[in-house]
Amino acid sequence: MKHTATPAYRLTENCIWNSFRSSGKRHLILTGGRGSGKTTLLSGLSRLLSPSAPLPGVETWAEPGRAVWLRDRLTGETVQVGRFDASLPGRENRMRPLQEGFRESGVRMLRRCMEEKSGWAVIDEIGYLESGCLEYCEAVRELMERKRTAAAVRSQELSFLTELRSRPDVFLVNLDEPFGKLGCVIMASGLGKRFGGNKLMAEFEGAPLIQRTLDATEGIFAGRVVVTRHREVEELCRRQGVPVVFHALPHRSDTVRLGLEALSGREAESTETEAGERLYGCMFCPGDQPLLRRDTVASLALCAASGPESIWRPAWKGCEGSPVLFPRWTFEELLTLPEGNGGGFVVKKYPERVRTVPVQDEWELQDVDCPADLERLAEKC
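Letter by letter, the sequence shown follows residues 98 to 478 of this note's numbering.
Among the hints, erroneous ones may be present.
To be verified - Calculated pairs, BS3-like style, for lysine-lysine (alpha carbon to alpha carbon, straight line, at most 30 Å):
no., residue 1, residue 2
1, Lys414, Lys445
2, Lys122, Lys446
3, Lys290, Lys445
By construction, these hints were calculated from the structure, which means they are not laboratory data.
From just these sequences and the hints, can you work out the full model?
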């Protein structure tokens, strides 16, 4: 069967919400340039935060070539906070801030938010207009001390915007580059003794089993590589442009080392990353978990972007599973694992550094060992 290309991954509000809850942070900020989808995602997240009623907060919108307006989300009070000025240089940001709008009405709107019973407030958005009014900036800071805040913040390098994005209590999602420089090693070297053959090429829902893993990890990582001892797997991956390391070495530690070396630009025939490019983390993903969701993989990657010092794993009701995303500080130990050991050796060595992301159901973490497993998981699709 000819494989149909997997659509490019786009972050969803459910993925972001799952990652945020796992992070332990107080506030959630979406950042990115114009057209990155901040407002759409923030609207969806607001409904997750409060399904039955709108949250307090403020929102801005622009009339191109005319004005920018600020509106109270609950009362509907509206004030002009920007005026188009054709004399300003450039093609963008040609709105001149009207500080009295922020100072008088904007600050009052934020203080009204502070008095609402809801534990959350929403700000859409904060950009160069807002950052120019000291009183409004101070009211935003006060709001964040009083309530948890979900906000869209422009990616411009302005001091107040940088301050918000850099707060240690903020879970930051950069929509222009949400996952940063992460690698992914797809583990496809099992001998399949209990299955009675190469299980990775067994049919599952009309495609080879490993195709589910290729699809779940597509479009998220700076580089991927499949490490395998099976020629059929190698051929399948090469047809789809997925880099492969083929080997005949006996141990799981060999698979880990070969994959990480390839992504690090050492001894690589071809990878999706430039040779020597520094990855800040790497996921090791089994090729035999067909119900692993792409959103789960993305949630782990988002958590690693915000918490790069932790080892991240998916979990179902406290039971941890695979894939595992390791931060850069573990790479040297992963490259020199004791013979026959996998990444679990490092996980057990640093239990205090392990954090988890919940999955939707237990079947995401189930792998295929025998034909009966394949049939059982197919029934869950």
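Verification of the supplied hints:
1. Pair hint lysine 414 plus lysine 445 holds up; C-alpha atoms about 19 Å apart against a cutoff of 30 Å.
2. Between lysine 122 and lysine 446, the direct Cα distance comes to roughly 26 Å. Compliance with the 30 Å bound is thereby established for this hinted pair.
3. The hinted pair formed by lysine 290 and lysine 445 meets the criterion: a straight-line CA distance of about 26 Å does not exceed 30 Å.
The structure fails none of the hints (numbered hints given earlier).
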